[in-house]
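**Student:** Residue numbers (this note's numbering), protein chains in the order written: chain A, 1 to 405; chain B, 1001 to 1269.
Quick caveat, the hints were computed from the structure, so don't treat them as lab data.
It is possible that some hints are incorrect.
[As the list claims (entries may be wrong)] Here are a few chain B residues that face chain A, going by a calculated C-beta distance under 10 Å:
1) 1131
2) 1140
3) 1155
Since we're looking at a predicted model, the values are computed, not measured.
All C-beta atoms in this analysis are idealised placements derived from N, C-alpha and C, irrespective of residue type, glycine included.
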Amino acid sequence: MFSETVVLRGHIIDSLILPKVLDQILTQGGDFKIGEIKIGQNRVDQSYARIEVSGPTHEALDDIVLRLRQHGAEVIEKADVQLAPSPADGVFPKDFYVTTNQQTFVTLDSAEIEVHPALMDCAVVVDRGARRATARKFHEVSRGMEIVVGHQGIKVVPVQRSTSHTDVFEFMSTNISLEKPKSGVIREMATELKRAREEGGKILVVAGPAVVHTGAVPHLEKLIEWGYVDLLFGGNAIALHDIENALFGTSLGINLERGSLAERGHENQMRAINVIREAGSISRAIETGTLKSGIMAACVRHGVVFVLAGSIRDDGPMPEVMTDTLEAQDAMREKITGVTTALMMGTMLHSMAVANLLPATVKTLCVDVNPAAVSKLTERGSFQSLGLVSDLEPFLRELTGSLAR
Amino acid sequence: MRELLLCPPDYYGIEYEINPWMSRARGADTPLVQAQWKGLFDTLSKLDCKIELVPPRPKLPDMVFTANAGLTVGRRFIPSNFRHEERAGEAPHFARWMEEHGYDIVWLPKDLFFEGEGDALFGGDVLFCGYKFRSDINSHRAVADILGCLVISVELVDPRFYHIDTCFCPLPDGGAVWFPDAFDDYGQRTIRDHLHDLIDVAPEEAAHFSCNAVVLNRDIVLPEGAPKLVATLRDRGYTCHPLPMTEFLKAGGACKCLTMFMPQKEKLA
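Bound-form chain A, shown alone (with noise of 0.2 Å):
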């Protein structure tokens, strides 16, 4: 949306300039926030109105603004954005903006920019020839660089919440702790995975070994043959753990029909990096055979891709992992173009660190067994982050169900 912001002042109130200004905003398909307004107290004190007016586009919004004018709106002129030179390669400017995962318009000669992507804890790097904003992380930028500095000309533009209809994300307003009933929130989510397939909108799923674990497996090979997984991110562990599990029925060594530890268990981790390490890649050893179900497989075989990004307690790693952590980072802000929902089970450092990479736009769903996971990862601020406290079996299981149906 592209705003302006404008000044009404006189007797609007008595004139009903006021209610007709705000009708023809509406009836225009434009819309407006009131952003300070003070009334006469006696019949012939003035009222004063600043309306901040938005548009769908450029031409929408000056077409809104012209027939404002007429009943006597004045346009404040808007301030542009300070910018200053990044003063080294990787080092942004004193005092430069931090950004947010909100929608971001910069002003440059007057006109807005949205800046791209929406992404947290960036600076904006400015391109006046070609009119560009793009949020950077530290490592993208190189000395010399354009760089927005100070608060003057940002305006950041917050997730509205839906006119339309009404969500799960919007009705619940906290976590769903233990003791609370979940399978109404679980059917709405299940809901909202349809409504984002049919939108076109690509789903994430952030697993950690937990899925594995608890027993989990199968429900999330349905999820993914289902087509309900369009991207998995995830570290070592969770491809690990569903190998071994896929090679040996094991995870960690405990057998997972039984629940016991399997004889000479602790090695099936060991010998299962071997296996994939010897194939060259998980993709490699499926092409071939040696690695027929689980997470991993189901992915590969429908075409679900994943970003595997390693950590200092790693085993092997995998092949595909990546130990570099800002190459992995820098490979999932690439992927995530699209993605509107995101499901992040049982990790509480790859949620944190994929939510960090999100718009707040993305609604995203946090189970965990551990109320801190969850607590810490939706008390971000924004309402389309829910938390839910649960097992991820029973969770996976009864969304599965609620596919089903």
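The hints should help you fit chain B onto chain A, whose structure is shown.
**Tutor:** For chain B alone, kept in the frame of chain A given last:
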């Protein structure tokens, strides 16, 4: 006794086209112009008022429409800022004449179009102002700042009724004669909110500029062609003086356009 300003029609004619009534192909009949203006002058002279004449100027044919000279409240005169260049030359003559006659001249900022009493009429202590075709709504705010009164701005939507005095005429008993279709919905609602005894004029009578009337206590001087309105006003105790105004209608004016009150309002409450 009310004091009125008129301007003899010595240089009046249809020399340009700045409203839908004007057509240079349909000029004014000079002897008839003189006769109709004299008819107005004589009628007003017999009523309870004093008439002053501002000298006409060549090449300013519309100077005859003194209502557009400006707005007078007490001893203050706010001259018009005409929207059309064709009429802009009238402003200094009117201002000078008013100054010479002891009025304080209060100019509006030059970028705010305002066409005087033509677009500003008091109904009680409320100043009703028309905007869009001639006056800017922002001029109303400036007038409110100068006068310190409540100004109701109403949008005019029919180009035939380009000034508020062509479609709205407040009456001394608190009501008004008006042609509602000349205003947008909000304007109609606003006027209904502020005035409770409104007399709607039929479209065919409004087209004769029936609302363009000079009201002096219980006497109303208006153009011919509004028998229904005249009957309604008579029922309410007003004495109507219908006058032929055909030659001035060719320029989009009639009785009220040819008259400015000095002042329109003696003082504000």
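**Student:** Look at each hint and say if it fits the structure.
**Tutor:** Evaluation of the provided hints:
{"no.": "1", "hint": "1131", "verdict": "holds (8 Å)"}
{"no.": "2", "hint": "1140", "verdict": "holds (6 Å)"}
{"no.": "3", "hint": "1155", "verdict": "holds (7 Å)"}
Consistency with the previously given hints is maintained throughout, with no hint failing.
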